[in-house]
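Asks: Each chain is listed here by its residues.
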Amino acid sequence: MLKVLENTVPVACWSCSVAHNESTLFCPDCSKIQPPSSGDFFSVFGLEHRLNIDLAALEQEFHRLSRRLHPDRFARASENEKDWSLADTALLNDAYRTLKDPLRRTEYLLKLEGAEMGVSAAAPSDAALVQNQEKIQNQQKTSRVPADLLGEVFDLNMQLEEMRMARKMGQEDPELKESLRQAKEKFVGLVGAVDRELRAQWTIWDGGDAAARQPAQQAMMALLDRRKYLSNLVRDVTEILGD
Amino acid sequence: MAYSDKVVDHYNNPRNVGTLDKSAAEVGTGLVGAPECGDVMRLQIRVNPETNVIEEAKFKTFGCGSAIASSSLATEWIKGRTVDDALSIKNTDIVKELSLPPVKIHCSVLAEDAIRAAIGDWKKKNNVAEIAPPAK
Numbered sequence: 000m001l002k003v004l005e006n007t008v009p010v011a012c013w014s015c016s017v018a019h020n021e022s023t024l025f026c027p028d029c030s031k032i033q034p035p036s037s038g039d040f041f042s043v044f045g046l047e048h049r050l051n052i053d054l055a056a057l058e059q060e061f062h063r064l065s066r067r068l069h070p071d072r073f074a075r076a077s078e079n080e081k082d083w084s085l086a087d088t089a090l091l092n093d094a095y096r097t098l099k100d101p102l103r104r105t106e107y108l109l110k111l112e113g114a115e116m117g118v119s120a121a122a123p124s125d126a127a128l129v130q131n132q133e134k135i136q137n138q139q140k141t142s143r144v145p146a147d148l149l150g151e152v153f154d155l156n157m158q159l160e161e162m163r164m165a166r167k168m169g170q171e172d173p174e175l176k177e178s179l180r181q182a183k184e185k186f187v188g189l190v191g192a193v194d195r196e197l198r199a200q201w202t203i204w205d206g207g208d209a210a211a212r213q214p215a216q217q218a219m220m221a222l223l224d225r226r227k228y229l230s231n232l233v234r235d236v237t238e239i240l241g242d
Numbered sequence: 000m001a002y003s004d005k006v007v008d009h010y011n012n013p014r015n016v017g018t019l020d021k022s023a024a025e026v027g028t029g030l031v032g033a034p035e036c037g038d039v040m041r042l043q044i045r046v047n048p049e050t051n052v053i054e055e056a057k058f059k060t061f062g063c064g065s066a067i068a069s070s071s072l073a074t075e076w077i078k079g080r081t082v083d084d085a086l087s088i089k090n091t092d093i094v095k096e097l098s099l100p101p102v103k104i105h106c107s108v109l110a111e112d113a114i115r116a117a118i119g120d121w122k123k124k125n126n127v128a129e130i131a132p133p134a135k
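Just so you know, the protein sequences line up as chains A and B, in that order.
Mapping the first sequence onto numbering that gives the first Met the number 0, position 120 (from 1) lands on 119, and the numbers just tick up by one.
Mapping the second sequence onto numbering that gives the first Met the number 0, position 47 (from 1) lands on 46, and the numbers just tick up by one.
One or more hints might be untrue.
[Said to hold, decoys possible] Facing chain B, according to a computed beta carbon distance under 10 Å, are these residues of chain A, among others:
no. : residue
1   : S37
2   : L149
3   : G150
4   : F153
5   : M157
6   : L159
7   : E160
8   : M162
9   : M164
Because the hints were derived from the structure by calculation, they are not lab data.
As the structure is a computational prediction, the values presented were derived from the model and not from experiment.
Here a beta-carbon is modelled for each residue, glycine too, at the ideal position from N, C-alpha and C.
Pulled out of the complex, with its shape left as it was, chain A reads as follows (with noise of 0.2 Å):
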């Protein structure tokens, strides 16, 4: 019997006319190879959406399909079904890629959950220049870096200057690299702070009704902004102390 995932809708197989998963790779029945669907990458893996993945399993299934994927093992198929296994194999591929890192598996199954991140969704294409800046205003108004790091931000910033300043002098100052360090330890342990909350938010995403769930999105969207304002700081003191 078919257990039907909820984010994906049963399609019927080319060549036994059973019906399985939108974006299942091989038919459960007669186990042919399917055509690549727009299904979503959670349903490749017979996943529903989830935040909290077995990665192990996860890790475990995309070897399994992998080599099940192998063109070799298509060699005396149907032109059509060797097609499908290049373009399957690439489908698993991103899906694998997408779903195995923290981060971008919360913002794609936001993005799948119609929650819209950064750029606005809607393309601004020909409508009235004027318009779409509002749009956007509105936007970077959800998107705030919250108001208690700008000041660190802000003097981080000028630390940097005045670092990358004395190196094209050729001086190097011990204290100020001193101060460097201590401040990309105190953002480097505020990401983990924030990797730490998106979990927790991914459980309430996880096991909660779409009343629970809206909040925990909201909360996650901020948090995906904060930490990519953070990553990018210790990213820069990093380079700058070539440590």
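Dock chain B against chain A, hints included.
Replies: Showing chain B alone in chain A's frame:
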């Protein structure tokens, strides 16, 4: 993507870069940031307490050319205006003046926010009631 000549000009010769005394009563400081690019902008104003005219404006921006140009232009525009008049500056005015492409519009939003933040800080310090900007 090419920057417009005006952006390049402000980037190469930024006007009014610097710092004002944050603790002075007549100085308002606005510190704003945009998460997608990591830009941070500090804009400061010194206001004449008699006339409410912004006599001096300084900025320091860490960010791309458009962010620097937007804040540089903002300081030029608010100098000599009253605080309420300065609040009427819209990010769309900056976009037009600098011919910013859509992907850089957030830089102009940041500059507008910085003006508002600086004026807000000054008003708070001086117990000036928050007046809604005139509707356009």
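Asks: Can you list which hints this structure breaks, lowest number first?
Replies: 1, 8 and 9
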